[in-house]
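Participant: Sequence order for the protein chains is U and P.
The opening position of the first sequence corresponds to residue 448 in our numbering, with each subsequent residue numbered one higher.
The opening position of the second sequence corresponds to residue 49 in our numbering, with each subsequent residue numbered one higher.
One or more hints might be untrue.
In silico EDC-like cross-links for lysine to aspartate or glutamate, where the CA-CA straight-line distance does not exceed 16 Å [stated by the list, open to error]:
1. K112/P - E603/U
2. K622/U - D283/P
3. K622/U - E609/U
4. K112/P - D476/U
5. K523/U - E475/U
6. K523/U - E603/U
7. K201/P - E99/P
8. K112/P - E497/U
9. K622/U - D60/P
10. K523/U - E609/U
11. K63/P - E99/P
12. K112/P - D482/U
13. K201/P - E96/P
14. K112/P - E609/U
15. K622/U - D53/P
16. K201/P - E212/P
17. K201/P - E582/U
18. K112/P - E162/P
19. K63/P - D95/P
20. K523/U - D482/U
21. K201/P - D482/U
22. K63/P - D593/U
23. K622/U - D593/U
24. K201/P - E185/P
25. K112/P - E499/U
26. K523/U - D476/U
FYI, nobody ran anything at the bench for these hints, they're computed from the structure.
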Amino acid sequence: MSGEVSSLDMTPMPLERWSRAHAPQRAEDTLAHADALYNLARYLTHDAGEAEDLVQETYVRALRAWSELAPGTNVKAWLFRILRNAFISRYRHALRHPAPAPYDTTEQSPEEAAVEGSSRGELEAEQLRRVLSSELEAALRTLSDDARTVILLDAEGLTESETAMVVGCAVGTVKSRLNRARAALRLKLADYAARDPS
Amino acid sequence: MNCEDVQIHLHDFVKRRLDPALNGDVGAHLEGCAACSSAERAEHVLDELLEQRLPRYAAPNAFKRRLGLLVGRPASARVEPGRWTRVIAPAMAAGLLLLAGGVLLSRSSSQRSELATLTSEVVNDHLRVLASEHPVEIESGGTHQVKPWFEGKLDFAPVVPAPEGSELRLRGGSVGYVFDRKAAVIVYALRLHAVTLLVFRPEGLPWPDTGARQLGPARGREVSARGFNVVLWRDGGLAYALVSDVNEEELRGIAARFAAATVHAPGP
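In isolation and in its complexed conformation, chain U is listed as follows (with noise of 0.2 Å):
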């Protein structure tokens, strides 16, 4: 699949040039999908119109795709592998040599297993039911993207194998990048709890 989605044309097409004619059968069922790709979008870019950029760029792509799909494959998870893709190619385009980034081994760096150790049983239950919605989304907003995707994507319900299919990695390793996410966020939120003097 991953073979399927990166040899895609890069550039995107205008909307006005995609005939309704083309749209494979069925595929007007992506649609129950696009509030949740709209979310991550919006969570990527960190905007309105961009994730709108976004998200159309991924059902362009996806429909050109759209006769290569195997038969049986998850399509909402498909659609956030194209989308995340088409993220990368659009921003990210200093991946293509990219740096090691802290989300990107299994391997721990001594950093991450100190942030990790100090979350750890430091932070309260209670001091986490305190945090309000924008603080939270603020707190996500500070992670890498790949930690903020795959957070996102549990969220989502994805299970760790369909995330590692979006995120084109092992599924150890996404469980790996979860646990330590998830310990980046609870770490931010911590920061904010002390901050809160309630």
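For this one, chain U is given, so just place chain P on it according to the hints.
Facilitator: What follows is chain P alone, placed relative to chain U:
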């Protein structure tokens, strides 16, 4: 199994997706380890936060309609592939013209549709208030009891207008939802009628601005649906919807007074 092993599996344990043997091992460790047990509780709370408090952005309706055009909804007569190949140029031109014309012609109908969707949602919220045995979570002796009750339950501080010098009586408040977002639900009584004021964040919602009229110091829309009158306005980064079966003129008067109370309120 040591603490490090357990913490690797803690999220899967909380999500109940470990195999029975591993689940048993983790559970046994948690019973005897205060630190891991504390971490497990924090994981539970984090899941609750992500599920209940993380703002979820819904795709705007107008955007969904554009996607619908892209993937073929609404259904319309489709051109067969062979025929399409023969007529691709004129069909493309016609499609572009249709799209351009459609954008212009559908703008007003799009606004009407957005207004109808929003109206239907807030009327449904009002109906939930009417149908509920306990429509308010905080009974009111006055606005100073209701407003503080919302603290910590919403990520904004709603103004609770005080209906002084009128037949309107504040009954109380609760937290509800308008579409995908939390809303302050403030319930009033006017004689035998219920009046519901919904306060919510409008980000990402299509908001029909055309046809707005002056409503005290704010500009708002008045609409009716299913026998209920609705007044909508926005100010200070918040949206307000006032719903009741009281007559149009009376509800407009209440809305104007409420808008005067909310128009200078600080934003969220």
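Participant: Could you run down the list of hints and mark each one as holding or not?
Facilitator: The hints, checked one at a time:
| no. | hint | result |
| --- | --- | --- |
| 1 | K112/P - E603/U | violated, 20 Å |
| 2 | K622/U - D283/P | violated, 44 Å |
| 3 | K622/U - E609/U | holds, 12 Å |
| 4 | K112/P - D476/U | holds, 13 Å |
| 5 | K523/U - E475/U | holds, 13 Å |
| 6 | K523/U - E603/U | holds, 10 Å |
| 7 | K201/P - E99/P | holds, 15 Å |
| 8 | K112/P - E497/U | holds, 15 Å |
| 9 | K622/U - D60/P | holds, 9 Å |
| 10 | K523/U - E609/U | holds, 9 Å |
| 11 | K63/P - E99/P | holds, 13 Å |
| 12 | K112/P - D482/U | holds, 9 Å |
| 13 | K201/P - E96/P | holds, 14 Å |
| 14 | K112/P - E609/U | violated, 25 Å |
| 15 | K622/U - D53/P | holds, 13 Å |
| 16 | K201/P - E212/P | violated, 26 Å |
| 17 | K201/P - E582/U | holds, 13 Å |
| 18 | K112/P - E162/P | holds, 12 Å |
| 19 | K63/P - D95/P | holds, 9 Å |
| 20 | K523/U - D482/U | holds, 11 Å |
| 21 | K201/P - D482/U | violated, 25 Å |
| 22 | K63/P - D593/U | violated, 21 Å |
| 23 | K622/U - D593/U | holds, 13 Å |
| 24 | K201/P - E185/P | holds, 12 Å |
| 25 | K112/P - E499/U | holds, 10 Å |
| 26 | K523/U - D476/U | holds, 10 Å |
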